[in-house]
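Participant: Chain by chain, the residues:
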Amino acid sequence: MATESRPEEQPPAGRGGRGDAGAPGGRRAAAVRRAVAIGVAATAAGVARRYLTARQDGQGQDPTHRDAGSAPAPETRPVAPGADLSRSAPADRSAVDTASTATSPPPAAVTREAPAPAAATATRPSRTNPAVAEDLDRRRSIGEEIHDAAPTGDLDTMWDDHLLNLKLVNPANRRRFKVIVVGTGLAGAGAAATLSELGYQVEAFTLHDAPRRAHSVAAQGGINAAKGYKADGDSIDRLFRDTVKGGDFRAREADVHRLSEMSVRVIDHMTALGVPFAREYGGQIATRSFGGVQVSRTFYARGQTGQQLQIAGAQQLLKEVGAGRLTLHTRQEMLDLIVADGRAVGIVTRDMVTGDIVPHTAHAVVLATGGYGNVYFKSTLAKSSNVTATWRAHKRGALFANPCMIQFHPTSLPLTSEWQSKLTLMSESLRNDGRVWVPKEPGDDRAPEDIPEEERDYYLERMYPSFGNLAPRDISSRAAKIQLDAGKGVGPLRNGVYLDFRDAIARLGRKTMEERYGNLLELYTDATGEDPYTSPMRIAPGPHFAMGGLWTDYNQMSNVPGLFVGGEASFNYHGANRLGANSLLSASVDGWFVLPWTVADYLAPQLGQEPVPHDHPAVTSAVAEASGRVDQLLGIGGTTGPDVYHKELGQLLTDHVGVERSAEGLAKGADAIKDLKDDFWTNVRVVGHGQQLNQELERAGRLADYLELAELMALDALDRDESAGAHFRSEHQTEDGEALRDDEHWTSSSAWEAAPPDGTPTRRSEPLTFDAVPLATRSYK
Amino acid sequence: MRLTLEVWRQADAATPGRFERYEVDGVTAEVSMLELLDILNAQLVAEGREPVAFDHDCREGICGTCGIMVNGQPHGPEDHTPACLQRVRAFSDGDVVTLEPWRAGAFPVLRDLVVDRSALDRIIASGGYISTATNAAPEALSLPVNKHQSEAAMDHAACIGCGACVAACPNGAAQLFAGAKVAHLAELPQGQVERYERVRSMVATMESEFGSCTNYGECVPACPAAIGLDVIAHLNRDFRTAVVSERRGEVPERTDVRWLARLRGEAWWQSDPDDRPGDTPKRS
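Residue numbers (this note's numbering), protein chains in the order written: chain A, 3 to 783; chain B, 772 to 1055.
Please keep in mind that the hints were generated in silico from the structure rather than gathered at the bench.
From the three backbone atoms N, C-alpha and C, an ideal C-beta is built for every residue, glycine too.
A portion of the hints provided could be inaccurate.
As the list claims (entries may be wrong) - Capping the alpha-carbon separation at 30 Å, the derived lysine-lysine pairs in DSS-like fashion look like this: (1) Lys397(A) with Lys783(A); (2) Lys676(A) with Lys380(A); (3) Lys180(A) with Lys169(A); (4) Lys232(A) with Lys918(B); (5) Lys380(A) with Lys513(A); (6) Lys918(B) with Lys180(A).
Unchecked claim - Interface residues of chain A toward chain B, partial, derived using beta-carbon atoms under 7 Å: (7) Arg141; (8) Ala212; (9) Arg281; (10) Asp358; (11) Val360; (12) Gln697; (13) Glu700.
Unchecked claim - These stretches of chain B come out as covered by chain A in the derived footprint (C-beta under 8 Å, 3 or more residues): (14) 904–915; (15) 928–940; (16) 952–964.
Looking at chain B on its own, in the form it has when it is part of the complex:
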């Protein structure tokens, strides 16, 4: 098929960018969004013109390096799929396809479709970890982990750090990203010790660099790892607990909804609809 590409070209962070129009012919349906750029670039290089710079690496949907807006949608028309796994079969012959970099205040454009996402790492650096020195770990089986909790932790840990959630958000907020990490570590017994310091510190960094969440929910379909809005609820809940306890001068205790549920004689997920185990995300 033949496609017309409207591609954002920008020499560097300081130079204003513009769209340029290119024609690409002979594209087959199995070609991915990134291979579409490969085809365009081969064409440009053969003509001695500068190819379109874009970030990409593993091309199997796990590294989170790639990220482009395709017709205004992060990664492309398909939900929960990174650009490297989106196929051109979504388009028809003669379509015009617009390719832009992530659009977010926290992600300055470096060149063409390449943006600087280091703000995400600064959120992690301010608390998104468990502090265990090398060689200081206890025997792995000394802390059994409930299978449901472990699966839930894995659901949240599946985030690939691509930044599509931020790009999709009209506010440029990073709640889904930060929430996924907070929820991942809070689900595990190993993550309890630093749970509330973690969320306070991560939220402080997040708010200094990103917009605020107003529950649009645009981030969810854009997320290649199918992280759900429940992680934002989790983030807010842990943050509230941390802040309220601090105001009262208390050490925050673990809010264990499962324990409360057991007291009420319910299955634990009935008290916490956000954590229902049946909601198996698509890509995990």
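Looking at chain A on its own, in the form it has when it is part of the complex:
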């Protein structure tokens, strides 16, 4: 614990950072420290339980433990006055929304209880450039603040307390409820399997031919969990703090804390399901380090961790199918969300083989449909990953949060040919043993082996000595871009940097490297024809993970009652940057350990009600609209295929909404995207017809939504007048080129309302407070 040198993050003396054993914090911190020590020593019994004990020991004994600064310690998370927040059923939520707006001009002044000295005063930042501000005002309007209706109290016990307040459904009554789960990835399969085990009628939908295919399968490096199996000072609170800090203070503390707490159970569960996690010779589970942290808490199954977790999830789903309890619909694409009387009551799907467009109604809808990074066309995502499900929900009223927050993975492979269809991803775990460098001189054409040591620039080690090659993703990607922009790129197209294993092979031997990374290095050889054991790998930043997604409350429910969102499709854990190996974690936690509890809370009051009948006007109109859209796409009869548009869109985004953004570029980009969208709707050619397996039609439909999303991404990036994590605005940087946050104005998430016809989107802000992890400048130097 003491090795981390971040003086700026130490709370003032005498106050005690929560759970920070390095600070002179009260008895609670000591209790946590004790629990960690025990947890490391003993292995057989439940570590999680010991944490619980530790919490009870210390609970409430240190009145100042959450004090972040000079302001008085806030008792609660920011809530609207007078709102009952003990539960977050739909009625409560709307009460919160209206309370926060009706009683508070300006809303911020009343609803926030002076959490930190910063961030409490204004909702509208003052812009240095009035022309930009004016332009922005034409593009969007600003709406009321939104709050997540989270429970109040101590973060350490918040989730457990919250579970006590959630309503339950009697086992005998569960079969009377029907739940739709869209997506069968790690989050969707977990939620569907668990809800089905509990006795609910579950209908699961996937656009793949089998549940195992979802893109969770491609995550390579591992899954984080605060098991504390190594004596390196890890704990639930440290994972929590690393994640909040890694997200550059733009995620919700309460949600991230739950993520860390539940991480412990995820490993237990996955092990029980037969995931062959890597083992030590003594039979214990092995762990390794990942970017952005200094402890070893990443659990892995060779380079195929995502595959193994995903297969375990899919098997549980199929177990329920085999038992006749769950209905699985494969090759079905969700085209729309059905909202009746303000609630999500079903979905419209297209059968991708026959083309039939039909409604499905239920008591609740869970979307676990993944992220939207594929909007860049050349991304690390699978080709069929898309935003359609969440975007259609957004168009039906769900808020879309932080769309500009997209992570560029520093270790994807650089493009080598015009026809390369995607960016192949190399696990970040390679940075454990690889050293990143470029030649010191721009335009150095020598083979890497011929460049002597003193003419190499190991720039990550130079710029960030304490984290070195394991600097977080956003920082590594930007550092690579700086080198590329300086003309120091390597490879035939000068579009990569070296990741060199020479020293690791000399130190550990080739065999150890094969054991650790064999399949990854082979994948590289397959893709490039080069041998990474003898010459360094070439890597480059590539669009990867969407931190943004549908806005959800603490229950993972969107602002549309009955619409739940989990995994990458939601937005709440990763802030402005996701730490490596946290995405498998957030998907697993949502799917297995959050949604099954919170969905029940929503269902309970609906006992005795039937799902909306298919002749309900909301259902028939949604089906008619979805069919109309398909017919419209088929009827344009233009000249250019959807993939051509998608490539063009990807280029626009890479140029203007990429690793680095500027107000000027974003405005230009937003306009160009709009023009491209207009062109698409007049000139796209979708060959074939609708009553068949038509992949062109699928692509066109997804692209139509991507075009709208891209516009909002550019707008959100333009609107967020600061740099934070992966969102780097060139106007906002420190002298040495690091991201410069504007905590005074932007300690918030942006949740967007869809634009009405001929109108502009509305941005609503959710203020964030950082009590347990005080706001600090991220430093990995």
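Guided by the hints, dock chain B onto chain A, whose structure is given.
Facilitator: Here is chain B on its own, set in the frame of chain A:
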């Protein structure tokens, strides 16, 4: 380079299919089999013709979605490599390349190169899992797992579910697929409780939908995950134990070759040549 493609075109499951010939020019060596289809499709769309439907997704060899017969070989000429990672550099200028869907009775063609592989999922649904309810798992370290066993489990668990084994098999058998799952779960202590019910049930489903294994071994080179024939031995052994014990009216006990080996004073793999740890598969 310039290639001539003979591609299977079929409108839907009910309509008979046929080969169509296309010319593709300007293909470079790094292009993958799927990108070759991308190039062809871009050409077809530009001409206003219907592109070739084919399944694909991650394009990095892990999702198992893609699967085409290239010149009669599943995924293409290279062993242990899925189509998305097979490169055109295997061909020469002017070659004729035949692209077909998986050919197997259990995999009906849906359109062009797209087939229905749901029969594989039905095998899994009939037992290819460990029944543990969410929230009911014990602390993960409460069951230490021998590293060799864990590695062996991982070797078998690496299956990507693409169906190449079935397509490669002259009998259209799915023993390699089912065996990989049976062996994966049987290697782990967590998988012991349901071990014999699992294999009985999975074999019953497998035999109702797929052909029978006669040890051709064609499946092994076709497998992108380099699953070995040993999993079929494993499947047969566990199935035999399950059936024989049931006939005798016994509860099957775990056949622990390692324990027997220890009694004989041998290293455990000497009793069980199928499980030798030195056989590290290529792609895992």
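Participant: For a C-alpha distance cap of 30 Å, please report whether Lys676(A) and Lys380(A) respect it.
Facilitator: holds, 20 Å
Participant: Have a go at the Gln697(A) hint: is there a Cβ in chain B nearer than 7 Å to its own Cβ?
Facilitator: holds, 5 Å
Participant: What's the verdict on Lys397(A) and Lys783(A), does the C-alpha distance respect the 30 Å limit or exceed it?
Facilitator: Given that 30 Å is the threshold and the Cα spacing comes to 43 Å, the pair is violated.
Participant: Would the pair Lys180(A) and Lys169(A) pass a check requiring their Cα atoms to be no farther apart than 30 Å?
Facilitator: Given that 30 Å is the threshold and the Cα spacing comes to 17 Å, the pair holds.
Participant: When you check the alpha-carbon spacing of Lys918(B) and Lys180(A), does it fall within 30 Å?
Facilitator: Violated, at roughly 43 Å.
Participant: Cut-off 8 Å, C-beta pairs, minimum 3 residues; does the coverage of the segment 928–940 of chain B by chain A stand?
Facilitator: Our answer is that it holds, as 4 residues pass the Cβ test (under 8 Å) against chain A, meeting three.
Participant: Holds or violated: Lys232(A) with Lys918(B), Cα cutoff 30 Å?
Facilitator: Roughly 18 Å separates the two Cα atoms, so the pair holds.
Participant: Are three or more residues of the segment 904–915 of chain B within 8 Å, CB to CB, of chain A?
Facilitator: The restraint on the segment 904–915 of chain B holds, since 12 of its residues have a Cβ under 8 Å from chain A and three suffice.
Participant: Check, residue by residue, whether the segment 952–964 of chain B contains three or more positions whose beta-carbon lies closer than 8 Å to a beta-carbon of chain A, and give the verdict.
Facilitator: It holds: at least three residues are needed, and the segment 952–964 of chain B offers 6 whose Cβ sits within less than 8 Å of chain A.
Participant: Report holds or violated for the interface hint on Glu700(A), using the least CB-CB distance to chain B and a cut-off of 7 Å.
Facilitator: violated, 10 Å
Participant: With a cut-off of 7 Å on the beta carbons, see whether Arg281(A) makes it to chain B.
Facilitator: For Arg281(A), the interface hint holds, since the closest Cβ of chain B sits about 4 Å away, which is under 7 Å.
Participant: Holds or violated: Lys380(A) and Lys513(A), Cα atoms, limit 30 Å.
Facilitator: violated, 34 Å
Against the hints set out earlier in the document, violations occur for numbers 1, 5, 6, 7, 10, 11, 13.
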